[in-house]
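Engineer: If you want the building blocks of each chain, they are given just below.
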Amino acid sequence: MSKFIVFKSLDDMPDIAVSKARMDWNKTGSWRSSTPRREDKTPPCNFNCPAGEDIRGYLDLLKHGKIKEAFELILQTNPMPLVCGRVCYHPCQSQCNRENFDAAIDIRLMEKFMGEWGLEDYTPPGLPSPGSKKAAVIGAGPSGLSAAYYLRREGVNVTLFDENEHPGGILYYGIPSYRLPNDLLKPELDRILQGIAFRSRKRFGRDFGIGELEKYDAVFLGTGAHKSKVMRINGEDLPGVKSGLDFLKKVNSGEKVFLDGKDVIVIGGGNTACDVARTAYRLGGNVSMMYRRTVAEMPAFAEEIEQLKSEPIKLEFLVAPSRIEKTGDGKLKNLYIRMKLGEPDESGRSRPVPVPGSEFEVMADIVFTAIGEDPDLSFFDSAGKSSGDFDFASVDKRLRDKLFVGGDILPNPRTVPHAVGSGRLAAEKILAFFDGEKIEQPKSIAVVAGPDDINLRYFVKVNLDKRRKNLYGGDGVIGEAQAIEEANRCFSCGVCYSCNNCYNFCPDMAVIKSSNGYQINLDYCKGCGICANECPCGSLRMDEAG
Amino acid sequence: MKKVVSGNEATSLAVKLSRAQVISAYPITPQTTISEKLSEICGSGELDARFVKVESEHSAMATLIGASSTGVRTFTATSAQGLALMHELLFWASGARLPIVMVDVNRAMAAPWTIWCDQTDSVAQRDTGWMQFYCWSNQEILDSVICSFKIAEKSSIPCMICYDGFFISHTNEPIDIPEQKQIDKFLPPRKAEYFLDIDNPQTFSGGTLPNYFMEIRYKLHDAFEKAQGVINDVYDGYNKLTGRSYEPIEPYYIDDADRVLITSGSAASTVFHTVNKMRKSGEKVGMLRIRQLRPFPEKELLYYIKPNIKYGALDRNLSPGTGGVFSQEIRSVLNRNGNGNRIHEFIAGLGGRDITTNNIEEIFKRIGNVEPDGINWVGLLK
Amino acid sequence: MIEEKGIFSGGEFCGHASCPGCGEKIILRHILDVLGRKTIIVCPAGCAAVTDGIFPHSISPVPFMHTPFDAVASCAAGVRAGLEMSGRSEVTVMVWAGDGATFDIGMGALSAIAERNENILYICYDNEAYMNTGIQRSSATPFGSWTTTTPRGRLKSEPKKDINFILASHKIPYIATASPAFIDDLREKVNKAKEITGLRFLHVLSPCPPGWKSDPKDSITLARLAVECNVFPLFEIENGERIRLSYRSQSLPVTEYLDMQGRFRYLSEEETETIQSRTDEYYKTLNSLHESEQPLRMTMRKE
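Chain order of the listed sequences is R, B and Z.
So in the numbering used here, the last spot in the first sequence is 549, and the numbers never skip.
So in the numbering used here, the last spot in the second sequence is 390, and the numbers never skip.
So in the numbering used here, the last spot in the third sequence is 306, and the numbers never skip.
Treat the hints as calculated values from the structure; they're not laboratory data.
Fair warning: there could be bad hints in the mix.
Unchecked claim - Estimated spans, in silico, between C-beta atoms of each pair:
#1 R:D14 with B:E54: 38 to 48 Å
#2 Z:Q139 with R:E72: 53 to 63 Å
#3 B:G346 with R:D14: 30 to 40 Å
It should be emphasised that the depicted structure is a prediction, and the values quoted were computed from it without experimental measurement.
We put the CB at the ideal spot given by N, CA and C, even for glycine.
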């Protein structure tokens, strides 16, 4: 730091005007009328990820070729990138700010790539030895696996119970193998289950009870929602009328099911209904799907609907079953009534209203119902509620204070990433509980970076044809180079990615690089605003005040 | 070593002996033969110097300002329009205290075009902060150029050596040339106090506010005040080496003179011969030859100016509306010091016109016969 | 995060008096960072001279010699000669001059050092007018621009002097244009020029918020648009012959660049069209002269 030099006498002075010090005594920060401030925002992908993944973060690592670091970043919030790369509906991707510029980052493909990379090239670090704390996790579906995994990583002694032979729950038994082949699922589950005691064929309330749980310091309940809703129509209990979910489970368990040439009706419009219809089609059935509203109201994910439409499955909209009868030749006569859309109901969708006199009949061999599932909490004597918030008050008090729940028992959307996220959150709560603390659900005050926060001048539109060929030419299988190229397109919305613009473009060298990122030296910043203006991702802003 | 050389050759020899390192010049009559000779000896390696062949005198001086700022010894030569073109840079050189040495071969300023001699070109640069020495012989040129490097470097003031175009520059005279060894001892390589040094990065001549500008100027002025001491020391040293020395004002036949003519440059030679001639016929005339316009030898002048002697000043230059510049300087010194002498002022020889012994005899006559009455133009058409 | 290295680690550059958003200082700090400490700056009158500091203070981390406005090229030649005569040939002599000193008052001396192929790195920061004296037109001022000497109703009616091709005709070894928005390109060119012997001329566009009547925050955006709209194409000329475009611009309409600057606010539609067609013509010519086996870079985005 130079001082302002004052010559007190002629003799002090040199004979010529020669410099003796720098100018840094001149604090040009006093010129400033507005002030830059670092303010990272939340990228929409991260904000919309039910599992809480730092998607921008792992794309940033990926684009620098740091695949291992990227993979480990995913594992911090989601133990199953391979599964999610295949079955997640990726709300991250549909909210990607790049969508309206050229095309959203194919985050699903990135996650799938990462998942596959993890299977082949990743060796997990050694686990800490289990400590004194014990936790029971009931249900080896996505939420239970997630809870068990994050507890075990922190040295908790975890026992995982499931009623089925194989772990995975809905992943193993519910999702059809054309979407998630079990031979891919297995290695990922193996990685998750490292160091965890898995007890198969142990159904809570049947094979063990609250008494057995006494030796555990905490219990996580993630038994999901497997009880099919009833239609409340005549003929619902006929032998040919079956639960769609049970059908999927049977198929996934390896049981041979033949539907060759059979007329199959699937009732419902959700993801399960779609899976049932497409599975039935693959087993040789002539499949019709019946849904009481229109395609616009279908609760299934858009891409699932797209795939459904691409298959020779007959779709009937605005129809509702009114009665099913058995005919002499063993067939099922289905009576339907046509519907029209009325006022919106509490879900915001238009309520279907029957059209009087519009009844018609359809013949079928088999009818699968898939109009939704509820949690089965019959193992509690006082049976917790089947919908809405979990009712802790109704649980036996020996269990109540150490019980944590997650997954489809909660009134969250019934998706794998939501379950994974809730399992991880429950694990965090349990760990805090062990430490005598309590985690309050953080209030969401995230500022999400929108398209206006991005300085599009820094980004070049990709040649969409070229990208399509590059990314999808290989049947959805991509290599490292393609993954890096795609990750490179990430805007890094709202989050500094060390591009150096603020540092490079400051005329006053008032941006300092430090181990904490870029910092503004307000002693010299004149407030020109170049740094904020040239920040490609909107992580700097100007405050109106010196 | 004795050799018969022209004034311009004497300059070139002196520059070579002084081991100037960067030379830059632009051709202009009557200076051109200096550039040619220096270019030749730089090219042949006789002198280890870089000759930068610029496109103007402005650039010649700018080049030397740059070169001198790196701490090396520099030289240029010019005349008339060339010197005027350098004007801006002359201030820069002195303000930056760069010891550049320049020869100005005096030539009248156009318009109208002329290539012939008068001193108006150099006297017009009087206020640029350069020392100015006026020579009357080729020997003096050689000696002055060598000594100027030392004077300039010791006082950090640039030096200009002036002599009359053609009358001196192109006239051959025998001169004594010192040995290189002698000069190397007398004039070691320059040691600059300040220079562009990557190991000690400093900024030179940057913006200076009113709080210090006057002090910077005062220091330059002060250096001029002290310069006479430096000059005298240098010539004392040179005298020991060569037996030759020069005074700021050189008197001739003044001890018993009743009339004294003060002049400079080649006109002094004519006055010298006229004094000799008039002395033979018993006239008590004498001469003061002024060698320095800056620093102006005030004390020395006062020493020579005596009561009851009549003085005239002969200028081969003109500041229109005021008269000759040396006359002006003399008047100013006398006035400032309360000296009651008034001097006769003569303008002669502008644009190369001959100044003859007749002219000088007329001038002495006038000094003796009439009271000083303003400016007299010698030999002007009626 | 890259740790701070290079010439300015001590914050030596701070405290200068340039206006907020000054392009000149952005350019200078990167140039010096590339050139390093074995550099001497020779700088004529202009914004850079005035904002460097006041006696006895200076921001310059390397020796810095002020010169008269018209004398910078020759002073630099002298510095070069002096360095050579004192055994310091390895030092880079860099001229740091504005467009006034380069295009106008110092043009003769610049032409001379170019003709003599003096071993100097001459860099012109071109803010396209006499900004330091308060926005008077120079021969670098573009057609249609407002300045205090080309006021409304008398906008500059002559095109900008094509300095690069004037210098190319001197057959100097290296000429390049650069923009502070394309900082890597700028740094690469400085680095390349540093290694070449002879006169190297870099012409860098230097946005000037007060003179261009633009928002200080837009300086880099304007420096980028100047390139993307082909108003200031990035190219190199080697030995006065080999011309190579450095960057394939997006060829955006010139209005994107012009509309952000108050100095162009008096342009008529016709004049704007003239600018567009002249710009197109010039870029076409450059393209036709472009010779290289290397494919052009399509983006300057940092990866």
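Engineer: Look at each hint and say if it fits the structure.
Structural biologist: Each hint tested on the structure:
1. Look at D14 of chain R against E54 of chain B: about 44 Å separates their beta carbons, and that is inside 38 to 48 Å.
2. Here the CB-CB span from Q139 of chain Z to E72 of chain R is close to 56 Å, well matched to the stated 53 to 63 Å.
3. Remark: the range hint 30 to 40 Å for G346 of chain B to D14 of chain R is upheld by a beta-carbon distance near 33 Å.
Going through the hint list in order, the structure satisfies each hint without exception.
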